[in-house]
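Asks: The chain contents come next:
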Amino acid sequence: MDTIKLTIDQQELEVPAGTTIYHAAKKLGIDIPVLCYMELEDWNIENKPGGCRICVVEVEGRHNLAPSCSTECKDGMVVKTNTPRVMNARRTVMEFILSDHPKDCLTCPKSGSCDLQDMAVRLGVREIPNEDIAEISTYRLDTSPAIIRDIDKCIMCRRCETMCNDVQTVGALSAINRGFESVVTPAFEMNLEASPCTYCGQCVAVCPTAALTEKDYTAEVIRALSDPEKTVIVQTAPAVRAALGEEFGMEAGSLVTGKMVSALRKLGFDKVFDTDFAADLTIIEEGAEILDRLKRSANGDENVRLPILTSCCPGWVNFFEYHFPNLKDIPSSARSPQQMFGSVAKTYFAEKMNVKRENMVVVSVMPCLAKKYESQRDEFKVDNNPDVDYSISTRELAHLMKQANMNLNKLPDEDFDKPLGESTGAGVIFGTTGGVIEAATRTAYELYTGKSLNEKVTFEQLRGWEGIRKAEVDFDGFTLKIGIAHGLGNARKLLEEIEEGKSTYHAIEIMACPGGCIGGGGQPLHHGNASILKKRSEAIYREDAGKKIRKSHENPYIKELYEEYLGEPLGEKAHQLLHTKYFDRSTKRQFKI
Amino acid sequence: MTSVKVKLKQNDIDKIKEICAAHNYEPGELINVLHQTQEYFGYLPAEIQEVISWELNVSAAKVYGVVTFYSYFTMTPKGRYPVSVCTGTACYVRGAENVLEEIKKQLDLQVGETSDDGKYSLSCLRCVGACGLAPVVLVGDKTYGRVAPDDVKGIIDEYKDKD
Amino acid sequence: MHLMVCGGTGCRASASDTIEQKLKNKLEEKNLENDIQVVTTGCFGFCEKGPIIKVLPDNTFYTQVSPDDVDEIIEEHIIKGRQLTRLLYKDPQKDETIADAKDMGFYKKQLRIALRNCGFINPENIEEYIARDGYEALGKVLTEMQPMDVIDAVKTSGIRGRGGGGFPTGLKWEFAYNNQSDQKYVVCNADEGDPGAFMDRSILEGDPHSVIEAMSICGYSMGSDTGIVYIRAEYPLAINRLKTAINQAREFGLLGEDIMGSGFNFDIQLRYGAGAFVCGEETALIHSMEGSRGEPTIKPPYPAASGYLDKPTNVNNVETFANIPVIINKGADWFAKIGNKNSTGTKVFALAGKINNVGLIEVPMGTTLREVIFEIGGGIKDNKKFKAVQTGGPSGGCLTEEHLDTPIDFDNLLAAGSMMGSGGMIVMDEEDCMVSVAKFFLDFTVEESCGKCAPCRVGNKRLYELLTKITDGKGTREDLDILRNQSNVIKDTALCGLGQSSPSPVLSTLNNFYEEYLAHVEEERCPAGQCKNLMKYIIDEENCVGCTACARVCPVGAITGEKKKVHEIDPNLCIKCGACMDKCKFNAIFIK
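Protein chains in written order, with our numbering: chain X, 29 to 621; chain G, 3 to 165; chain Z, 4 to 595.
Just so you know, the hints here were simulated from the structure itself, not pulled from any lab data.
It is possible that some hints are incorrect.
Unchecked claim - DSS-like, lysine-lysine: derived pairs with alpha carbons at most 27 Å apart:
1) X:Lys76 x Z:Lys302
2) X:Lys509 x X:Lys530
3) Z:Lys25 x Z:Lys93
4) Z:Lys384 x Z:Lys105
5) X:Lys102 x Z:Lys158
6) Z:Lys535 x G:Lys155
7) X:Lys131 x Z:Lys477
8) X:Lys243 x X:Lys102
Could you put together the complete structure from these sequences and hints?
Replies: And the structure:
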C-alpha cells in the first residue's frame, strides 16, 4: 500500500494512503475534536457528513479550513490543528450550533453524557453573541412507548439517519426541509409510532444530544417499589451485566452480575431474577420447534417453512412485521425471554407465592428500547394487565442506583433468587450476536443426535463480528446450515434471499442491533467506540465459560417448571404461555392506499 | 410543511402507479415522478407521497425529505390564480418588496398561502429572466412588468369577476 | 425579407407572441406571407427596450413594439419601405435615433460568442443553426480529431467554467477522460439559480443546438455516450425548445447511434431541477439527479472520478458549452487571444438594476466595469449617482466607484472582493442602502441553504438577524466586529461553495461601505434613506398650516396638534406608513 508523508503540528509522520487527517493526527496523540463524525470500525459503519465543521484544521496552501474527518492526507501536506484561526473558527461554529439549541442543560435527560455539552466545555464557549435576537427552532415533542424525540435538540449530525436508513434499512427518519428549518423526522412529521420505526434504539444509541432519548420508566418503578400492596420482582437481561459497570466508571467488559443483584435487592425488589432463566426456557421451546420443523421437513411435509428464524429480538420482530409481513409465518413462534419470564412469573411463580396477578409487578432491566414497546403489546396482556409491567434500560437502572446513593464498585456480590434466577451458560450468551443460535445448537444437537456434547459446548464457527455469517454444524451426519445476521440491514439481505427462494439455511439468528444485545439502544453510550462492544461480548462469553451448567435443557429449574407446571415443550400450556403470533403491520402506515 | 388531508380515489392511485411504471419504478427517478405527479394533481399531499413511496420502494420519510427540500414542490394546492412576485435581485433593486407588501394587503394572504375559496395563492419566485421589466408579477402565466404598488389593485381587479 | 421577433422571456412577457401572431395575420391579409417570413428568435439581449423586432436584410432594429404598431410596420416599412422612426432606438446622450443595432452603444462594445446565434436564428429550426456553421465542429471532431486532441484544444483555449467556479474546462475534461469506466456521463448544468441572471435560459431558448453539439463533443472526448441536461423546471420555454432541438438532432442523425458514420454514439436526456439554488453545486446537482435531496458532499471524490450513479461525470454549465463549438471551429488560439491571459474569451452578463439599458450582454474578458455600466449599460437611471455594482449573485460582492476601471475577469473580481459567479451584474445608485443589500442576499442564502453544515445553516441565519438588528437601528459597533468574525468563519468553514461564498455580500459591503454601517449603528441613520425603521417623519414648522389632515389620516394616532397650529409626530408611535406625507397638501412633512 502507498504511504504518505505529512506534517501535523510540526510532527512528521507516515500514514497509509486514504488516511484522513483526523486519523493521522490520532496516531500522534493529537485529539482533534469531532462532533458529527462517528465510526464503528468493526461493522463498517461510518457517519461522515462533514456537517458540523468542528473538526476543521488549517492545511498549508488551502484557502479555507479543511474538515479533518473527511479530508485525506496528501504527500507533503502541512497541517496545523491548533492555530488561533482554527480555534476561533471552532468556537464560533460551536456558538452557531449552541445558538440554535435549548439551554436547559440542568434538567436535560442527557446532561452529563451529552457530546454537545462536553464539546462546549472543551471549546470554552462562554457566551453566545446576540443570543437575545437568535431564533431557536421549536418542534413538538414526540413520545412513543420506547423513544422520545425532542428535536429542538437536534444538531443535524445525521447519525440517527445513518443508523436508521443505511445500517438498519428501516427508513423511519429523514432530513426534511432545508436551511435553518432542516431537521430529522419521520415522514410527514408524524409520530414515530405511525412510522416504520422498530424501536431498535440505534438512533438513541448514537444521538449526541437529547434529541432522541429513551422513554424513562424509573419513576413508575420507584412508585411500585414503594407500594406495600405490590410484590415487585425484577429480571435482568444477559447483556446488562456486561455493561452496567461502565456507568460507574468501570472498564468496558467488566462483569458485574453479583453487584448488580445486590444493588437490585437493596433497591427493594422482592425477588431478583434472571432473564437468562427465561432464555433457557426459550431454547427449550425454540429448540423443540426447530427440531419439529426439521423432522417434518425431512419427512416430506411441504407445509413446513424453512429456514426458521429466531424471535427473541423485539426490534427484529417489529421489522419483519412491517417490512416483510408475507414472511410472518417463518419465525419461531416462541416469545422472547423477557415475555416468557413475564408470563411464567405472573402465573407459575405468582401461584407459588400466592400473590394475585394484579398485585405482582414485573420489572425488566434490558439493554434494549424495543423491549419497552414489546412489553406493552396487547398479546402480552391478560385482562389488560401486562406480563411485564415496566421495562427499563441499563442506563435507567444506573440512574436509579445513583439516585439511591449506590456505588456499584462498593457493592458485594450476591446471587440471584431461585427458582427464576437460575440459568445456564447458554442463557447468558443470548446477549451477543450468534449466542442464541449457539445456545439452541447446544440443546438441539443433543436432542437430535441423542449424544452428549460433553465439554465441547462452544461452536466457534457461530461467533464473530461479520454482519452476516454462515456456518455449518454437523449433527452426526446431518449438516445443519445456520445463518446469522446482526443489524437489520444485514437481516434484510437474508430475508430478501428467503423471499426470492434462494435461501439454503435451516435456521437463522437475527438480532436487530449491531453486535447483538450488548450493543442495544438501552446500553451505556459507546460514543462511537466499537471496542467497548467487543469487550462486552467477551465478558458474556467469559460468564458462559465460568458456568457449571452450559446447556439450557440441563437447567434443573427449567426441568422442574415443565414437570410442575408446563408439561411438554410445545404442549398446550406451553403454547398458551410461551408462544405468540405475528401481525402484518405494514398497514400501520397512516394513509391507507 | 402544511398539508391538506385528501382521500385518494382509485383512479388517482392508478394514475400515480402509471407514472411510476413509466419511470420503471426506479428509485432514482423520484424527482421526475414527483414532477409529473404534481403536474397532474397540482400538489403533492402526504397520501400521494405515500403511494409513490410504496411504488418506488423508497421510504416515505425520504420522499417527504425530498418534497420539502425543493421549493418547486408543494403540499398545498395553489389557487386558481396563483400570484407570484419575482424577488430576484433586479426586481428587488427596483422595488419588488413594496409591490409584494401591497399584494399581501390586497389579497389578505401571506407568502405561501392560498385563499380559503381557493381562488388566489401567493408565492415569491427568484428571477423569471425578465429583468428588463423589473419588478415583475405573474398571475398564472400572465406576466406584468414594471409594476408599481399603485398598479396592484388594477391587476387584481382583472380577476375579480372571474371564477 | 425576414421579420425577427424576439421570443425571449422578457419580450414574451410584454406580448411579443401577440405581436408575432398579428404580423402573420396582417401579412396574410396583404398576401405577403410567402415573401415575408416572420421568425421567432432568441433573446436579443436588449431587454430594456423589448419587445424587439429586427427587419432583415436592412437590419432595422425596432424597440418597444406593441401589438398596435403591427399595422404600421407592415404598411410603412414592409410595403412602402419607410422606417418607422418612432420605434427606433433613441440615443439618450445624443438625442438621435439609431436604426442599426451595431451602431448602438449597447452593442458596440459587445462580442458575442456564446450568444452568437441568439436573435439571428429560429431556435426551433435546426437548419438555421446548421446554416450558421452549426454541427461543423462536431463533424470536425468526429472525423479529424482524436479525443485527446479535443481536450488539448479546450485546454489551449484557456476557457474556464462559466457557472461560477472558473475551473479550467479542459482540465475537467481530461480528468473525466483519464478515469476508466464502462459508463461515463456528460452533464449540462442548466439549473440557473442566481436571482438576476438569465444567460443560460437565453442560450437554451435562443440557441439550444449549440449546447447539444458541445455536449456531444465533450462526450466524444471523454468517452461518454450519455448526456444529461439538468434544467430548471421553472423554464418551460427553454425545456420545450431543448426537447424540440434534441428531436431534430436525432432526426438529422446528429444524436443517436453512429453519428455522422463515425461509430460514435451519443444521446441526451433531461432531468428537472425543482427549485434549489444549491443544486448549482455539482455534487448537489448529482444527488438531485439521483432522486435525492440536493445536499453537497465533500470532494474528493470529484465527479470526474465518481459522479452520477458513481460513474465518472463531467459537469459544465450552459454558457461554457455554448463556447465549445466556436473554439473548435475558429481554433483554440483564436479564442485564447480574446480576453486576458488567465481569463480568455468572453463572458455573458445579465445587466440589471438602476441602469438605463437592462439586458443580456457579452463582452470580452478584461472589459472594464465602467465600459459595461456607462457605455453598454448607458449609465445610471434617472441621472442618479452610481454607488455600487454587485457581481456574482448571492455569492458575490459589491464593488464601488474605485473599482470601475477594474478589468472584469475571474481573478480581478476575486481580488476586489467579489467574484464572477454566473454573471449577474446589478447596478445600484445612491438610494440603495448597502446594509439592506447585504441583508437581501443573506435572506436569499438563508432560504437556499441546504442545511447540511452548521456554519451555513445556522451562521447565515445569525448574520441575517444581526443585519436586521443593524437596519433596525439597534446595532452596536461591537456587532460590526461580530458580523465580520462570523462572516469570516462561515467563509472559512462552510462545506460547499454556496456556503463559503454566502458571507461575501456582507464582507464586501463591510470593506467597501464601512461608513454606511457606522452611520446605522452610531447615528441610527440610513444614509440612503432606505431603512424604514431609521426613517423619521418630521413636520416642517414653516410649512405646516395646521389643517389636521395628517392627524386624521394617521392610523396610529401619532400626530397631535391643535387646529391651525403646527402639528407634531410622536416618533415612538409612528409606524412610518407614509400616509401623512401623502395626505399633506403643503409639503410640510418630510423624512429625515
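Asks: Next step is simple, just say for each hint if it's right about the structure.
Replies: Hints versus structure:
1. For the suggested pair X:Lys76 and Z:Lys302, the alpha carbons sit about 12 Å apart, so the restraint of at most 27 Å is met.
2. Restraint check: the Cα-Cα separation between X:Lys509 and X:Lys530 comes to about 14 Å, which is no more than 27 Å; the hinted pair holds.
3. Simply put, Z:Lys25 and Z:Lys93 have alpha-carbon atoms about 25 Å apart, close enough for the 27 Å limit, and the pair holds.
4. As the CA atoms of Z:Lys384 and Z:Lys105 are separated by approximately 22 Å, the hinted pair is consistent with the 27 Å bound.
5. Using a Cα cut-off of 27 Å, the hinted pair X:Lys102 and Z:Lys158 holds, with the two alpha carbons roughly 26 Å apart.
6. Restraint check for Z:Lys535 and G:Lys155: the C-alpha separation of about 23 Å stays at or below 27 Å, so the hint holds.
7. Proposed proximity of X:Lys131 and Z:Lys477 is supported: the alpha carbons are some 25 Å apart, at most 27 Å.
8. Pair hint X:Lys243 plus X:Lys102 does not hold up; C-alpha atoms about 46 Å apart against a cutoff of 27 Å.
Hint check: a violation occurs at hint 8 only; the rest are consistent with the structure.
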